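If you want the building blocks of each chain, they are given just below.
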Amino acid sequence: MTSLERECDTFCRYLAGVECGERVRAKYREAHELGVVAVDGANTRFDRALVAFARLGTFSTRLADAHARLFRNGGLLRRKLVLVLALLETHADTVGRVDAPTVSGPAAFVVETALRLAVFALLALLGLLVFLPLRALCALGGGR
Amino acid sequence: MSAGASDVTIVGSGASAVHFVQTALDRGLRVTMVDVGRPRPAPVRPDDSFAKLKAKLDDPWRYFLGSRFESVLFPGKKGEYYGFPPHKEYIFEGVDDYAVEAQGFEPLASFARGGLAEAWTGGSFPFNDDELEDFPFRYDELGPFYDEIARRIGIVGADDDLARFMPVHRHLDAPLDLDRHAALLLERYAKVRERMNADGAFFGRSRAAVLREDRDGRKGCDYLGRCLWTCPRESLYTPAMTLERLLGRPGFTYLDRRFVTHFRFESGKVRALAVVDLATRRSEELDVERLVLAAGTLPTSKIVLDSLWRAKGERVRLVGLMDNRQTLVPFANLKLLGARWDPDTYQYHQLAFGLAGARPKEYVHGLVTTLKTALIHPIALSAPLDLATATWFSKNVHGALGIVNVNLHDTRREESWLELATGDGERTKLVARYEPAPSEPADRKRALARIKRALWQLGCFVPPGMAHVRPMGASVHYSGTLPMSTKRAPLTVDRDCRSHDFSNLWIADGATFPFLPAKNLTFTLMANAARIATKLG
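Chains as they are written, first to last, in my numbering: chain A, -1 to 142; chain B, 3 to 539.
Isolated chain B, as found in the complex (with noise of 0.2 Å):
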């Protein structure tokens, strides 16, 4: 079967995919995509605020908690400080075909249209120069890159104190109106900024993926405070948007429910993607031209693993895994203990902190969420009180409330890895292992001690025992496994993310990254695509 005449055929669907397309399509080629393709449900009442939601649904248990309280934190389950949105459970429903075994490491797969980035809290912070030291190129070719995702997107953000760590780039629209507590927190920067900065610690507006106005058939924020629980209007940027759009586009054919276990290949080059339609089961192959892998750092990987194994009966190792480690500091606002809040404010993180590292590229990022409509339960819960006395102490802490989640980078180490395990029979499990740097307890310790301190100098303060080290896998910062290489060496990739295995076979996601500096890489993820797209023969 022919992938639809295409010049390039992709599989996946996320935030790389989406915007290798539209590049691709924009320089006239014709594009196949082949994706699961798990849609999103359409969203309930979406002019209403989160306030009145709970007023106006028939069943606003159903919508906060599931249809089998699924959302209900209860003591003892592993969880976060806020319960996972019962109806964004789709993003991480697995399928049958995709088996991960995992050491060290917890990881998620997305199946939906959009892929994992559609849990994405739109952090955008460009990588600098020191970030892309282990990169083949500098800043000033991926520049121009994140210039145009920022103009196809929308990001907010501000040239303040935090651009020594995160390059302004172009279309950088306004930052949105900072809520009580927000706006407290940055006055009070502005009286410690010298005391602060000494100590390197500088403090600022995040960058975020979202409209402060109108555009292209998406709604500028009217700070309903849904952020957290689907953005109803579009303002908050996910990669199914694009994906809407592509599909009316001419030249682009999008295959979903299609999952892609191997590609076929002889000498050197990719001949045939084999896929399973998930409808009714039956294995089917495409013929490529061209094939991107933009599946997201594991499945790609397992892709790759699956077809050498298939073709060769190789088993082969793919070191260099990576991930972020975080850690949640929750704080509370002296100033603010007691005050009421208003739940109509943007959600997600509208401030910054970033630490001077030892060296510039070991930068640390904290990104602050002054919480207001995530769930009380599962901070009232985690209190060392009785539940009521709990309740009363979450009720009047609830305006003084804030998280930062503080970033660690990582690097390519030999001992976190993917292989493939291979039973009877056709199917294979990605085994991943993950051991994290011997100096990162130490490196964690240090970055904690420096957050607090700053969070002291803004008038706030941490209780004490309540910091939460996320377990690897949670940043979903997967990268590493297929880096780019300016050596000609197997199972790795040139500048421009062509593989030295294959001639025509491109990796566009995270595989590629030879280092992962302690922000989100989302936007660079998207910059690197549409870069490649430009480079493609």
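In isolation and in its complexed conformation, chain A is listed as follows (with noise of 0.2 Å):
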């Protein structure tokens, strides 16, 4: 298996909870391929370095994700992830993982939502600590 490949089974299990199949991956690759994921303004060393990070485990998606929604969101993980989330979507295999209720009702998804939203504030928290240096390196390192 390919980085590639190996990233987008990360990606897909931090979205889906579940590997991808190789179709998935295949298209994935084909994305990458065609040029639009990394487009200029989206590839710079920062946003190199944050997916690298991210490839680690689904913990550290989740960490550079969060800080990559605030700070960074046209960068390169972001494509990325919007990426395998479309892919997702759109074949019956997967549109489940992405697109069915898991709650029981309102009251079940008002304490879940306090929940995830408390959970994304400290990831936000924790990713300042992490990235706020790395992102000095990289602008440190010069070039793109």
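Derived by calculation from the structure, the hints in this document are not laboratory data. Keep in mind that a hint or two might mislead.
Unchecked claim - Distance condition first, Cα-Cα at most 25 Å in a straight line; then the derived SDA-like pairs of lysine to any residue:
hint : chain 1 : residue 1 : chain 2 : residue 2
1    : B       : Lys58     : A       : Val16
2    : B       : Lys90     : A       : Glu28
3    : B       : Lys454    : B       : Val471
4    : B       : Lys58     : A       : Arg21
5    : B       : Lys58     : A       : Gly15
6    : B       : Lys54     : A       : Arg21
7    : B       : Lys58     : A       : Val93
8    : B       : Lys454    : A       : Gly19
9    : B       : Lys54     : A       : Val93
10   : B       : Lys337    : A       : Val35
11   : B       : Lys54     : A       : Gly19
12   : B       : Lys54     : A       : Ala24
13   : B       : Lys337    : A       : Thr100
14   : B       : Lys58     : A       : Arg95
Since this is a predicted model, take the numbers as computed values, not measurements.
Assembly of the complex is requested from the two constituent chains, each provided in isolation within its own frame, with the hints serving as guidance.
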């Protein structure tokens, strides 16, 4: 399995809780080959560092994504994750993982939303500690 | 070259054009239609529902996201709350000969068979007498043509609280079955009706050009959930369906793959139409007896401007460009949070709001769509959360989600106009400038507050900061540049849309509208075109 395919698997597990099949991996590769992911302005040294960090596992992906959503929304990592979500939601085998309700009513929804928002806030704070120095290092390194 | 010895030559194949032609043919006239006419791709697996397509297509990603993933809405990409299906891209594909430079306006044009209305969501809302105040005729003159168009294309709706804003015409078929979310909203309205009405807010069934039962080779709606993805049963009407049926009629000639640049005139009369054959790139002239321009407000205006410039070197300005400002307001129904949803339902607007304006013609219209088969990634990525949390959130609110498309009216103003830019050689460019009315931001804010209040009364919540003001041009309700006028003035048309400048020229599209209510104008375009065709001498 190539590093791109492993990356796709990690991002699938992060978003849907399952490994993606071979066909999703193939589509992920195809999108990269067509150049629709790493476009100009979304592929800086810091973007690549965030992706490399995210590849380490689903927790790393979540931490990097929380930071990227707030401070690097149009960057490489967010583009890759959105692509994976789009691939997952357009096939019958995976759509249920990303587009079928999991809570059992409004009250459960409110409680779980509050918990998830709190987790997101913590991750965003932790992300600042991890990624601000990384960003500074990338900037010091110069170039793109 | 003669245009097939026709009585009438018409440019364009959109909503206005096809109904003009149908009426003209019914009257025994011979008609030639000149059009670029890009055909629609054949529908895939026409009997499968939206959900089944994801299981049965060999490459569902190609169908839903495009061969170059062009329908993936990446962060930062300027977009809406749902992506545009890749197989519909042909509708807005340009031609090299047509260029527009715009400011304050994002214009769309179509060179597809059926024109811009191939992307129509079927909203069929007749103008009432208040909204026709600036037109040189009243509802009683236009009404019979609404009846006729409804008979031809099939329109569903109900005589309910919204009838105060939309006259009830003949041949209005019973509405389609509501999905669970829409049914819940209507039930709730019955309970809070008096309170909402006291605030000038009314709610009811939308009107849509869709068939309940099989008719004229089209199938009745079978709730496949594919409205956004092109109805494979032709239940949801588009003008290409009428064109398809016109092709077999005697007296009708269809010249496609032709781009019209201008017309040539002498002594106040159009003599010939200049066209480029897009297959051979050869320019040719078609002699015309009577010319009808129905290419859509922008292309029609460009043809007129080009014709004047080429004949006299004149660069004139067409003032009064109008379009409806639209704001998309997403909402969640609190009762349906975490609820399961059924994708096999009608997808476009089933319900609508009507907000009474300070003056009757300043009515505000809101179309309610209870989204089911739109892709969710554009919604998930717009939430200010990491994507896993946003995906969890969107899948649990999907059944509760809806969008109101709030429309404001527009008026003709000097500051919004079209001109021609000329350079070296024959190539010209349309220049569009749009300046909103000074009161528009305040009107928009007020309308948004009223819609939010009404939604709250219906048990729905609008997430803060999620309302999206669409750019001018996005509603594609362009109009007003060659208006109807009872006074004989240059660059206007008479009450029957006959040019005041050229005795054998008619304008049959939105360019002639002197006012734009807060309503989709397509139904009125078709009715007015049919009306004009009965007046042709």
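Checked hints:
Taking the CA atoms of Lys58 (chain B) and Val16 (chain A), the gap is about 22 Å. The hint holds against a cut of 25 Å. About 22 Å separates the Cα atoms of Lys90 (chain B) and Glu28 (chain A), which keeps this hinted pair within 25 Å; it holds. The hinted pair formed by Lys454 (chain B) and Val471 (chain B) meets the criterion: a straight-line CA distance of about 15 Å does not exceed 25 Å. Using a Cα cut-off of 25 Å, the hinted pair Lys58 (chain B) and Arg21 (chain A) holds, with the two alpha carbons roughly 14 Å apart.
The suggested pairing of Lys58 (chain B) with Gly15 (chain A) holds, with an alpha-carbon distance near 24 Å, which does not exceed 25 Å. At most 25 Å may separate the alpha-carbon atoms for a hinted pair to count; Lys54 (chain B) and Arg21 (chain A) meet this at roughly 18 Å. Proximity of Lys58 (chain B) to Val93 (chain A) is assessed by CA-CA distance (about 14 Å); at most 25 Å being required, the pair is judged to hold. With a C-alpha separation of about 43 Å, the suggested pair Lys454 (chain B) and Gly19 (chain A) falls outside the 25 Å cut-off, and the hint is violated.
Simply put, Lys54 (chain B) and Val93 (chain A) have alpha-carbon atoms about 12 Å apart, close enough for the 25 Å limit, and the pair holds. Straight-line distance between C-alpha atoms of Lys337 (chain B) and Val35 (chain A) comes to about 38 Å, which puts the hinted pair past the 25 Å bound. Using a Cα cut-off of 25 Å, the hinted pair Lys54 (chain B) and Gly19 (chain A) holds, with the two alpha carbons roughly 19 Å apart. For a cut-off of 25 Å, the pair hint linking Lys54 (chain B) to Ala24 (chain A) stands: about 22 Å separates their Cα positions.
With a C-alpha separation of about 16 Å, the suggested pairing of Lys337 (chain B) with Thr100 (chain A) holds against the 25 Å cut-off. In summary, the hint linking Lys58 (chain B) to Arg95 (chain A) is supported, as the alpha carbons are separated by about 18 Å, within the 25 Å threshold.
Going down the numbered hints, you'll see the structure goes against 8, 10, while the others check out.
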